[in-house]
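**Q** All chains, full assembly: derive it from the sequences and hints.
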Amino acid sequence: MDSNPTAGLKGRALACRRGGRTVFQALDLRATPGDLLVLRGANGAGKSSLLRVLAGLLAPAAGTLDWDGEAIGEDPAAHRARLAFIAHTDALKPTLTLAEHLHFHAALRGASGTNVAAALDAFGLAALADTPARFLSQGQRRRAALARLLAAPAPLWLLDEPTNGLDAPSVDALARAVARHRAAGGVVVAATHLEFAGASARTLTLGAA
Amino acid sequence: MAAFLDMGGYAAFVWPAWILSAVVVASIAMTSVRRLKSLERELAEVENGRGERP
Amino acid sequence: MNAALALVVRDLRLALRTPAETLTILAFFVIAATLFAFGIGPEPQALARVATGIVWVVALLACLISLDRLFQSEADDGSLDQLVLAPASLELLVLAKCLAQWLTTALPLIVVSPIVATMLQLPAQGYATLLLTLLLGTPSLSLFGAIGAALSVGARKGGALLALIVLPLYIPVLIFAVAAVEAQIAGLSPRPHLFLLAGFGVFALTITPFAAAAALRQASE
Amino acid sequence: MNWHRYASPANFKRLSDRLMPWTAGGAAVFLAIGVWTGLFASPADYQQGETVRIMYVHVPAAWMSMFVYANLAVAGAAALVWRHPLAEVAGRAIAPVGAAFTFLCLVTGSLWGKPMWGTWWVWDARLTSVLILFFVYLAYMALNSAFDEPERGARASAVLALVGAINLPIIKFSVDWWNTLHQPASITRLDAPAVDPSMLVPLFAMAVGFTFFFLAVALVRIRAELLERRLEALRHARVAGSTIVERA
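Protein chains in written order, with our numbering: chain A, 13 to 221; chain B, 14 to 67; chain C, 950 to 1170; chain D, 4 to 251.
Once the Cα atoms are required to be at most 16 Å apart in a straight line, the calculated EDC-like pairs of lysine to aspartate or glutamate come out as:
id : chain 1 : residue 1 : chain 2 : residue 2
1  : D       : Lys-16    : B       : Glu-53
2  : A       : Lys-22    : A       : Asp-80
3  : C       : Lys-1106  : D       : Glu-152
4  : A       : Lys-22    : A       : Asp-40
5  : D       : Lys-117   : D       : Asp-127
6  : B       : Lys-50    : D       : Asp-20
7  : A       : Lys-22    : A       : Asp-78
8  : C       : Lys-1106  : D       : Asp-151
9  : D       : Lys-175   : D       : Asp-127
10 : C       : Lys-1106  : C       : Asp-1025
11 : B       : Lys-50    : D       : Glu-231
Hints are computed from structural coordinates only; laboratory data are not their basis.
**A** Here it is in structure tokens:
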């Protein structure tokens, strides 16, 4: 990747208010292509709120947020197109099979379905492709949610507690996917307690007031 | 005076209409002011840290 | 475009996989109509006089009931975030949800309505216009219902919040539709009422995407 | 003119203290004139007799129900477009007042209808439209308080207020359409009674009096809402332990 100084995600003096109180304020963050930014902090410190601000779901009370030097508010559709957001919930319909979920997700994001098989395989779900979601365990459901990252490729990954309910091999699968994504110049922002990412991760701690 | 109160035979309709209007206006005013006063008291307590009610 | 199409296909697939939901709506439609017969009495003339109104009111309520989960189910399992974050415009996706809801609820109601109308002794010349008014009117019910459903995502459970929000908006549909059928029965032309009904549908089509999308964006803040 | 500074309770208190004498005073003066001319100093109507006096509260109440709803829609638009906290709070504060006036309009309409038309409720196009407006008020208030977060309720009901504002004229049209279709010959078609000049004074005085009263009460209720929001924020803060940046 060119060493363009403004590439990637850049937040300046971000503030977020919810329920009339300030969740965080005067927060700066930087994640250049190939970076992993890990968000740390106690519950209620605003990790999830920050991820929703980065995704454009929640407007910041103050501050600016740029991608490649351009404010994300300039072209919301482009920002939505460049990100993949995995929240606490797995967004799985009980009666739909895993393959159907991923094909729908790919179509929803305007991607072709060619990556679905690879996505399932990467998270060890190839054998469960035609299994309705209601039969899956908590860990399998979590892996199915994470498989969306590969089914519809996007440069910016926003992950909220991705390792919840994952067993060790699954955490490794996620770590491998994150490493490959970073190597390809992608940006990953993850709120997590586990050290799953390995080397060279930036850390931002919230709620250290 | 009685003729006035009788309202040409329609007393049963004119007076309730006006009395209800007065009641509605008065109750709006009273409830609003009372609510404001109680909130002011409560806020004063909480801000000075005395009132510990969560 | 294929994002919206994919959403319609997914919702139709979900509906086909859980037919119970659609069947319960249809069962409600028939049972509620028969309640009116018990209330008004079996004499054909008495029922015929009010048949159009009953069929339409009960169809309207059946449609309302099916809308309660339209977006709440998406919010519960986290799909709402994915819809709001899709590159495709949320306004378009809202229309896709409305189309899917219309196909899975209103269409079956329209298919069943002649049976209910017969039970309520609807005069013979009214059937064609009844079906036409249902075809023209139910889209407005799905559209305005979607606004109500989007607004009440995340609201505290219970109560008739959706009904309270949406029913006043249904009044013009009910008035124009019943007027059209009754005009037909009385031998008059239903055309003016049908045009108003269709016009109201176009109006609903224009404001629903924006109102519902705004409500969904609020819900996923 | 930065409106944002009025969002803080202290600033808004100064504004309302300045406006209160004018609004409350205006209400007292005009309502006094209205009551005096309406009940005592105006002749009975040649056609309706004394029942015309009911009109002096019924028509102003109808005017208020629409005037307050217009305010609600404007506040809603401001809350959605500029996300102004004052607009969000104003909606929640004034909706009950609008609903109360609409209820008053319905009851006085019924009290007026009984001697005129012989029944407590007549599906007259105007009365029916006011009834529907009453339902919309109830829906607004229900939606406004149907969420744990006050902001969420305020913005959701703001959308409803706007959707309602666009729909009310159409609903009014459809009710008129419905009314003309089913015009029962039996009930005499009571058009708006010929309002001769002596009636204008009480009618106008009561309407202006109600409007001033509404403005005065709105100031009080908005202040109360701002304080409640502040209290809510303080309680949240205590729970979350995070500091509050600016004091009242």
